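Undergrad: Sequence:
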Amino acid sequence: MYSTCRETVRIVETEELYTSEANGAVRIRDSYGADFMPVTIPVAWKQIVEKYPDNPALRFKLGEEWETITYKGISVCIHPSSSPEACLHIINSSRANIVIVEDDVQLQKILKVKDQVPTLKFIIQYASNPTDPLVLNWSELLDMSVKIRDDILEKRINDLSVNQCCSIIFTSGTTGSPKAVMRSHDNILFNAKQLMTYLQLEVGNESVLSHSHMSDVISQSSLIDNLKAAKPTCLLMSPGKVEKVNEYIETNVLRNGHRFKHELVNRARKAALSHYEDIFERRFESEFIYKIYKIMVYNWIKRSVGLDKCKYFMSGGAPLLKSVQQNLMSLDLHVVEAYGLTECGGQALSAGNDIRVDCHGKALPFTRIKIDKPNENGEGEICLNGRHIFMGYLNDPEKTREIFDKDGWFHTGDIGTLDSQSYIKITGRIKEVIIIDNGDSIFPASIELKIRARIPVISHAVLVGESKKFLTLLITLKSEIDAATGMPMDELKPAAKEWCQSVGYPCDTVSKILREKPTLIYNAIKQGIDEVNSQAFFSDEKIQKFTILPKDFSLATGEMTRSMKLMRGVVNKKYEDEINKMYL
1 MYSTCRETVR IVETEELYTS EANGAVRIRD SYGADFMPVT IPVAWKQIVE KYPDNPALRF
61 KLGEEWETIT YKGISVCIHP SSSPEACLHI INSSRANIVI VEDDVQLQKI LKVKDQVPTL
121 KFIIQYASNP TDPLVLNWSE LLDMSVKIRD DILEKRINDL SVNQCCSIIF TSGTTGSPKA
181 VMRSHDNILF NAKQLMTYLQ LEVGNESVLS HSHMSDVISQ SSLIDNLKAA KPTCLLMSPG
241 KVEKVNEYIE TNVLRNGHRF KHELVNRARK AALSHYEDIF ERRFESEFIY KIYKIMVYNW
301 IKRSVGLDKC KYFMSGGAPL LKSVQQNLMS LDLHVVEAYG LTECGGQALS AGNDIRVDCH
361 GKALPFTRIK IDKPNENGEG EICLNGRHIF MGYLNDPEKT REIFDKDGWF HTGDIGTLDS
421 QSYIKITGRI KEVIIIDNGD SIFPASIELK IRARIPVISH AVLVGESKKF LTLLITLKSE
481 IDAATGMPMD ELKPAAKEWC QSVGYPCDTV SKILREKPTL IYNAIKQGID EVNSQAFFSD
541 EKIQKFTILP KDFSLATGEM TRSMKLMRGV VNKKYEDEIN KMYL
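Residue 139 in UniProt numbering sits at position 139 of the sequence shown; the count goes up by one each step and never skips.
No wet-lab data here; the hints were simulated from the structure. It cannot be assumed that every hint is accurate.
Simulated restraints, written as ranges between beta carbons of each label pair [claimed, not checked]:
#1 G558 / K526: 25 to 31 Å
#2 D440 / K551: 53 to 59 Å
#3 K526 / E491: 37 to 43 Å
#4 N375 / G257: 36 to 42 Å
#5 D308 / E85: 52 to 58 Å
#6 L273 / D440: 34 to 40 Å
#7 Q421 / E85: 29 to 35 Å
#8 D308 / E491: 41 to 47 Å
Only pairs whose alpha carbons sit at most 30 Å apart, straight line, appear in this in silico DSBU-like list of lysine-lysine [what the hints assert, rightly or not]:
#9 K270 / K46
#10 K551 / K581
#11 K51 / K147
#12 K51 / K109
#13 K311 / K450
#14 K193 / K261
#15 K551 / K468
#16 K581 / K469
#17 K193 / K114
#18 K551 / K469
#19 K291 / K302
#20 K526 / K545
#21 K261 / K431
#22 K109 / K46
#23 K468 / K526
#24 K370 / K228
#25 K294 / K261
#26 K468 / K573
#27 K294 / K311
#28 K497 / K431
#29 K431 / K270
#30 K370 / K270
#31 K291 / K431
#32 K574 / K468
#33 K517 / K573
#34 K51 / K370
#35 K450 / K581
#36 K193 / K228
#37 K373 / K322
#38 K228 / K497
#39 K450 / K399
#40 K431 / K322
On a predicted model such as this, the values are computed, not experimentally measured, just so you know. Quick reminder that beta carbons are idealized off the backbone N, C-alpha and C, glycines included.
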């Protein structure tokens, strides 16, 4: 125990590097030179409030404030798209006493399963006036809080330990059931300190918006409205939402207008790409021309999507199409790919003088990355160490032991490389590897990304071939999503329609393509696959056949997680008949 800024901070003495107990504690890991004293989130919150009493902290679009963690509780997030069964799993796994919901839609999910939750004491609802005796509205909760003496609250805050669990976050569950990740106060605040240091964020002058955790079902217009309202200086999005920003700019901002406007934008694109190429090569030859176009073109485009104040635009959670990244860069919107996991938060990204577009950047300050058992190409499992690494999986000692080695390194299950300048590149997942019948291992992610980049009409490409003689491909086409239900529709997106037009077959729907099987469409897709095949290092990596599926993948139809990651096991089982036909 020690004191900082009039506050007492507790540390539980332990040599354990991991735990699976909710009330367990872990040793504070090596800081690797960081000068950052451990502190709990309530204490850190109080210090910031005292220093910046008039600055807004956390906001969302309805204007209501989120409360901080104060009552010696552990917070657990439930995604709004979760089913009642998923809510039940999360609540029971974390043994929650209180569930907070925003509206009646979320309330009904909890009421449906409440009798199966023995630990549940109250449900709190922000909006409306609930009638169930188990449910309190927000004002009733505030009335209860008045009855709690300040000294009792202070004691609870002071009893918190920095190296015990502060928050439980469930993984997306791409390769199995979602795991309950326990992160301590020190994990979370140290990670925040890393990001502030690396991005050189100015205290009191930043607006941070994270869309990465929200479903990609959000409509394009709602996404842009959020950006315009928040005007973020720091933005993190999933690749799917980055694609929506790109589509909005191309279809709503740049498509219409005089020929002079199009010519000006085209010249500005070339200037921006030259500018960034100079940055990558440490040259500054195009600075003057770039600044002119910044005033005439780039600033106007950024204002149209609420990104005129954005200094850091990051994408994470899945690979970002290089064509999308390149197109946005040509408009002076430089999107960098970040690497992180539920188990550690942010781990690596590019910023400042470390900008690179062919990788996921360098490790954040005061952390470590290593490649375990690299092959001849330098590929191996990515392992991480540092104070940001999580405590363990709640109530799952076996899985917790599996992912930590004897020296405390966290084995991520991700495959990647680390070059001589310490830039990391993610190339796949161990559990997603495809082993064909001759025993060779194929990592599908990089091949699938090349397919999507080469054939713009494709929304998802799933490589298949486990225990087979050759590889095949399941394809979905870019189609509209029903904003109300999240279900994929038959109508193609504008970009997909344009692609069909460009290959000589005007078409508006997926069903028409499947019904008429136009040679022009199928040959164009085959040509793109052949070009990707020509880049394969080994013949086993070449795709022999493909099938177009009738519907795109989505959260609503079960092929995607709530963070929009592909669930390969679900896809392989759901489309087993289509797969088998390709091997007849």
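Undergrad: Each hint should be assessed against the structure and marked as holding or not.
TA: We went through each hint and held it up to the structure:
Remark: the range hint 25 to 31 Å for G558 to K526 is upheld by a beta-carbon distance near 29 Å. Roughly 32 Å separates the CB atoms of D440 and K551, a value that falls outside the hinted 53 to 59 Å. Distance hint for K526 and E491: a CB-CB separation of about 24 Å, inconsistent with the stated range 37 to 43 Å. Roughly 51 Å separates the CB atoms of N375 and G257, a value that falls outside the hinted 36 to 42 Å.
Taking the beta carbon of each, D308 and E85 are about 43 Å apart, not inside 52 to 58 Å as hinted. Hint check: L273 to D440, Cβ distance near 38 Å, so the stated range 34 to 40 Å holds. Checked against the hint of 29 to 35 Å, the pair Q421 and E85 fails, with Cβ atoms roughly 47 Å apart. Here the CB-CB span from D308 to E491 is close to 33 Å, at odds with the stated 41 to 47 Å.
Taken as a hint, the K270 and K46 pair is broken in the structure, with Cα atoms around 49 Å apart against an allowance of 30 Å. Taking the CA atoms of K551 and K581, the gap is near 18 Å; set against the 30 Å cutoff, the hint holds. Only pairs whose Cα atoms come within 30 Å are accepted, and K51 paired with K147 is accepted, the gap being roughly 28 Å. Taking the CA atoms of K51 and K109, the gap is about 41 Å. The hint is violated against a cut of 30 Å.
A C-alpha spacing of about 29 Å is found between K311 and K450, which places the hinted pair at or below 30 Å, so the restraint holds. Restraint check for K193 and K261: the C-alpha separation of about 43 Å exceeds 30 Å, so the hint is violated. As the CA atoms of K551 and K468 are separated by approximately 25 Å, the hinted pair is consistent with the 30 Å bound. For the hint pairing K581 with K469, the CA-to-CA distance comes to about 14 Å; that is within 30 Å, so the pair holds.
Taken as a hint, the K193 and K114 pair is broken in the structure, with Cα atoms around 39 Å apart against an allowance of 30 Å. Proposed proximity of K551 and K469 is supported: the alpha carbons are some 27 Å apart, at most 30 Å. Pair hint K291 plus K302 holds up; C-alpha atoms about 15 Å apart against a cutoff of 30 Å. For the suggested pair K526 and K545, the alpha carbons sit about 9 Å apart, so the restraint of at most 30 Å is met.
Distance check on the hinted pair: K261 and K431 sit about 49 Å apart at the alpha-carbon level, beyond 30 Å; violated. In summary, the hint linking K109 to K46 is not supported, as the alpha carbons are separated by about 35 Å, beyond the 30 Å threshold. Among the hinted pairs, K468 with K526 is consistent with the structure: their alpha-carbon atoms are about 21 Å apart, no more than 30 Å. For the hint pairing K370 with K228, the CA-to-CA distance comes to about 40 Å; that exceeds 30 Å, so the pair is violated.
Of the pairs offered as hints, the one joining K294 and K261 holds, with about 15 Å between alpha carbons and a cut-off of 30 Å not exceeded. Distance hint between K468 and K573 is fulfilled; the C-alpha atoms sit about 16 Å from each other, no more than 30 Å. Only pairs whose Cα atoms come within 30 Å are accepted, and K294 paired with K311 is accepted, the gap being roughly 14 Å. Between K497 and K431, the direct Cα distance comes to roughly 35 Å. Violation of the 30 Å bound is thereby established for this hinted pair.
Taking the CA atoms of K431 and K270, the gap is near 41 Å; set against the 30 Å cutoff, the hint is violated. Taken as a hint, the K370 and K270 pair is broken in the structure, with Cα atoms around 38 Å apart against an allowance of 30 Å. Proximity of K291 to K431 is assessed by CA-CA distance (about 47 Å); at most 30 Å being required, the pair is judged violated. For the hint pairing K574 with K468, the CA-to-CA distance comes to about 18 Å; that is within 30 Å, so the pair holds.
Under the criterion of a C-alpha separation no larger than 30 Å, the hint pairing K517 with K573 is consistent with the structure, at around 25 Å. Pair hint K51 plus K370 does not hold up; C-alpha atoms about 39 Å apart against a cutoff of 30 Å. A C-alpha spacing of about 24 Å is found between K450 and K581, which places the hinted pair at or below 30 Å, so the restraint holds. A C-alpha spacing of about 27 Å is found between K193 and K228, which places the hinted pair at or below 30 Å, so the restraint holds.
Distance hint between K373 and K322 is fulfilled; the C-alpha atoms sit about 29 Å from each other, no more than 30 Å. A distance of roughly 28 Å separates the Cα atoms of K228 and K497; the hinted pair therefore holds under the 30 Å criterion. Proximity of K450 to K399 is assessed by CA-CA distance (about 33 Å); at most 30 Å being required, the pair is judged violated. Taken as a hint, the K431 and K322 pair is honoured in the structure, with Cα atoms around 25 Å apart against an allowance of 30 Å.
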